[in-house]
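The task is simple: from the sequences and hints, build the whole structure.
Quick note, the sequences are listed as chains A and B, same order.
Residue 283 in the numbering used here sits at position 283 of the first sequence; the count goes up by one each step and never skips.
Residue 99 in the numbering used here sits at position 99 of the second sequence; the count goes up by one each step and never skips.
In silico SDA-like links for lysine to any residue, alpha-carbon gap of 20 Å or less:
(1) A:51 <-> B:279
(2) A:132 <-> B:279
(3) A:172 <-> A:245
(4) B:147 <-> A:121
(5) A:51 <-> B:405
(6) A:51 <-> A:37
(7) A:268 <-> B:177
(8) A:51 <-> B:332
(9) A:268 <-> B:175
(10) B:69 <-> A:122
(11) A:45 <-> B:279
(12) A:132 <-> B:330
(13) A:172 <-> A:291
(14) A:132 <-> B:243
(15) B:107 <-> B:128
(16) A:132 <-> B:331
Which bits of chain A does chain B cover? Going by a derived footprint, with three or more residues having C-beta under 8 Å, they are:
(17) 51–57
(18) 62–73
(19) 117–123
(20) 128–134
Quick list of the computed label-pair ranges, beta carbon to beta carbon:
(21) B:94 <-> A:282: 51 to 61 Å
(22) B:176 <-> A:34: 46 to 56 Å
(23) A:34 <-> B:472: 29 to 39 Å
In case anyone wonders, no lab produced these hints; they're calculated from the structure.
Since the structure is predicted, the reported quantities are computational estimates derived from the model, not experimental observations.
C-beta atoms are modelled at their ideal positions from N, C-alpha and C, and glycine is treated no differently.
Residues per chain, in single letters:
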Amino acid sequence: MRTELRKWSLLLSVAAVLALPLASSAQLTKYDLAQKLNAEAHVGKLTGHAKAGAADYRRYCVGCHGVLGDGNGENADWMLPPMYQKPRDFQLGIFKCRSTLSGTLPTDQDLYDAITRGFDRSNMPQWNTLSKQERTDLVAWVKHFSPRWANEQPGTPITIPPEPEVTADRIKAGRDVFARVQCWKCHGVAGQANGPSASTLADDLGRPIAPFNFTDGSRPKCGDTDKDIYRIFMTGLDGTPMPSFADNIKPDEAWDLVFYLRTFMQEKSKEKELAKQIGLKPVDPNAPAPAASGQQ
Amino acid sequence: MHVKKRLPRSNVARFATSLSAVSLILVSIILTCSQPANALPAFARKYGLRCSACHESWPMLNYFGQKFKDNGYQLMNDRDAPIWQNPGYWPVVFRITPIWHRVSVGKVQVDTYTAGAADGGQAVQRVSSSGFDLSGLDFHTGGTLEKNISFYLLPSSDPTGAFHFEQVFVRFDNIFHSSWLNFKLGRFELDNLLSEKRILTLTGNGGVYQTYHFIPQGDGNIFGQIGDNQLGIEYLGHSADDRTRISASLVSSSDGNVNLSTTANAYTGFFAGSQAFDAGRMGVQRLGFYAMAGEASTYYLTQGGVPLGGSGIGNKSFSREGFVGQFYFGPHVGLTVVTQHGTDNAWFGQGYGNAEATDGNGGTTCGGPALSPGCPPNNFPGTALPTGSQAPSWNGVTFEGHYIYSPQLIFISRYEVEKMSQQANGPGYTPGPQGATNGFSTQMPSNLGNISTYTIGFRYNPFMTSRAGLAWHNEYNWLHQDGTGPANLATGALTNLNTSEILMGLDFDF
Numbered sequence: 001m002r003t004e005l006r007k008w009s010l011l012l013s014v015a016a017v018l019a020l021p022l023a024s025s026a027q028l029t030k031y032d033l034a035q036k037l038n039a040e041a042h043v044g045k046l047t048g049h050a051k052a053g054a055a056d057y058r059r060y061c062v063g064c065h066g067v068l069g070d071g072n073g074e075n076a077d078w079m080l081p082p083m084y085q086k087p088r089d090f091q092l093g094i095f096k097c098r099s100t101l102s103g104t105l106p107t108d109q110d111l112y113d114a115i116t117r118g119f120d121r122s123n124m125p126q127w128n129t130l131s132k133q134e135r136t137d138l139v140a141w142v143k144h145f146s147p148r149w150a151n152e153q154p155g156t157p158i159t160i161p162p163e164p165e166v167t168a169d170r171i172k173a174g175r176d177v178f179a180r181v182q183c184w185k186c187h188g189v190a191g192q193a194n195g196p197s198a199s200t201l202a203d204d205l206g207r208p209i210a211p212f213n214f215t216d217g218s219r220p221k222c223g224d225t226d227k228d229i230y231r232i233f234m235t236g237l238d239g240t241p242m243p244s245f246a247d248n249i250k251p252d253e254a255w256d257l258v259f260y261l262r263t264f265m266q267e268k269s270k271e272k273e274l275a276k277q278i279g280l281k282p283v284d285p286n287a288p289a290p291a292a293s294g295q296q
Numbered sequence: 001m002h003v004k005k006r007l008p009r010s011n012v013a014r015f016a017t018s019l020s021a022v023s024l025i026l027v028s029i030i031l032t033c034s035q036p037a038n039a040l041p042a043f044a045r046k047y048g049l050r051c052s053a054c055h056e057s058w059p060m061l062n063y064f065g066q067k068f069k070d071n072g073y074q075l076m077n078d079r080d081a082p083i084w085q086n087p088g089y090w091p092v093v094f095r096i097t098p099i100w101h102r103v104s105v106g107k108v109q110v111d112t113y114t115a116g117a118a119d120g121g122q123a124v125q126r127v128s129s130s131g132f133d134l135s136g137l138d139f140h141t142g143g144t145l146e147k148n149i150s151f152y153l154l155p156s157s158d159p160t161g162a163f164h165f166e167q168v169f170v171r172f173d174n175i176f177h178s179s180w181l182n183f184k185l186g187r188f189e190l191d192n193l194l195s196e197k198r199i200l201t202l203t204g205n206g207g208v209y210q211t212y213h214f215i216p217q218g219d220g221n222i223f224g225q226i227g228d229n230q231l232g233i234e235y236l237g238h239s240a241d242d243r244t245r246i247s248a249s250l251v252s253s254s255d256g257n258v259n260l261s262t263t264a265n266a267y268t269g270f271f272a273g274s275q276a277f278d279a280g281r282m283g284v285q286r287l288g289f290y291a292m293a294g295e296a297s298t299y300y301l302t303q304g305g306v307p308l309g310g311s312g313i314g315n316k317s318f319s320r321e322g323f324v325g326q327f328y329f330g331p332h333v334g335l336t337v338v339t340q341h342g343t344d345n346a347w348f349g350q351g352y353g354n355a356e357a358t359d360g361n362g363g364t365t366c367g368g369p370a371l372s373p374g375c376p377p378n379n380f381p382g383t384a385l386p387t388g389s390q391a392p393s394w395n396g397v398t399f400e401g402h403y404i405y406s407p408q409l410i411f412i413s414r415y416e417v418e419k420m421s422q423q424a425n426g427p428g429y430t431p432g433p434q435g436a437t438n439g440f441s442t443q444m445p446s447n448l449g450n451i452s453t454y455t456i457g458f459r460y461n462p463f464m465t466s467r468a469g470l471a472w473h474n475e476y477n478w479l480h481q482d483g484t485g486p487a488n489l490a491t492g493a494l495t496n497l498n499t500s501e502i503l504m505g506l507d508f509d510f
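Now the structure itself:
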């Protein structure tokens, strides 16, 4: 009898050994792996494959973004808004930094740039030490989390006209745009993120979020070139209170606004010099909003 | 009823069967329940990144970790300064490794006994010893004092608890907003791409890079050991993505010893540069070089015959130079190659130079008159090199391969070979008036002191989080050195020495 018991206990042990990994892999089939793992990304001449990005995601990203890409990694609980934004939930397929219009999916290049650039004032570092291929594979892996890519095409990148010459008149015109579209309500009249609405802001998931402070030396999250700043307010930051102003600001006016925003920033710039020369004053929140160019 | 007749089995066999089953289950549970992939937890805790983000396998850095280090332990995300941390955050980590190991030395000269008493005879035999043991204890503390100003402090003890400061420095980064302008001052590891302080192996001979510490037999120069932390100042410059790196250090030729030791007044320069290349799916490859050129004293003043601390003069030169390659063959396989050509001045070859106090780095204690037993030879004014003296030189290479199954499991293999190309005692060697100052009175065999060693092992991290690290470490090292065994008792001929060590331990930090 004891012999038989030993035999069965051994068989059960082997069965347990075989069953445990099966149970583990069962957890990974919450979504349709077969289809999603075929996700690709195209950046320049490179093609990224989701499967190839899995290992790097597990090494570098999973602590914040979580195994399931839902932004619930082990560190998520310790990132407390508004000082630290929660990690991106890739399953939602909603991204702040895009070259495409508000509400549309970003391009693969947008996601690649985000991984490369990182996000200032967040726990997301620059991953430019990874090879281009590794970053492209990661883009494909990020895409595999959301069903949006299976059903939608990425938006078309907005057209950014050539940057005009900075002039004092353009900076003043930029101030008018700043006043008209009421940027100051969140960003403050001097770009210090202290506008009357600043303390009330929340993202689409109801979490507190702070407007960008132009004056503290930090870099805009979606890039710090003039083109990047142009793109930010023309496409908006999806998932946040920062809307797209593509319908409210004409392309030429947009450059004026870029020049005006530069006057807030710490770095030395021609815009700052010109603003100082002409004694440019901040907008007056109580003054009537200036009319859009071309309007009477 | 047919009853199967079972063969009788011993209790041992039954126990083995049960143990196998239980082991299988345990291994399966560990492999199954382990979280997706384990650093200096102080940094990991600060930034919320898992160990695997910065470490190929803790403690060896990957490129991202190297960039983090090169940026002064900063992610460069405008949240690096301590003002952004919870006031309770204190960047301290301890690391220690309880181990079991077995060390076997192939040839040891021992006393012989007859009828229960020493008979005055000698024999040579293998000595093996095994048991449970401890590594030393490291208290790592490091981080930023302010944006672009960082520090590192590492009080470190040997297994008995005797402490020294293994690493202490303050660094200033991104001066004038340029990643090309970074400086640090203190005691630090030289800018070795294959970092010995981040070595993945723990045995006595395998836990260091022989290429970084090779010294010809009888040589008195302990100062060219690029694996030891040194006291000095370092300039580092790197591109924003860390693909290009250059560094230059000026260090005291004291092998990191404090208190302006005997060899004060001598300096060494260390220079390194490397360039990384993007090789598609193969990963990022890096090629670099290093060169160390310096001087150290061979002569120190005495007072009543006793060496006078900090009085080293009579500086002689030495150099170390080589190439480094860090290659990846996809995400799982890596190979690092380090070469070295080393040369010491002929005075060092004759045993002059090592006048350091005991420091744990191979220095010599000398509390008595110079030239008395236990004291290093002194290059008194008027001393001449013995006839047949030569500048010793050698070549070495280290190959270290990694198979990274996952961030939690890494297999390590290493092969190192160091070969003399010119011995200190050349043809026609005749000792001078001070005698055989390097311990050898005749011409040295061409292979004397040559080393070949290999190490294999693996480290398994059962969990990986951004809070703490634990690795189950297993390793085997074998080392062969020519001519360093006990002399043949019958003929007096030099013999070769083999040593080996097997080690298992739990390497943890918190």
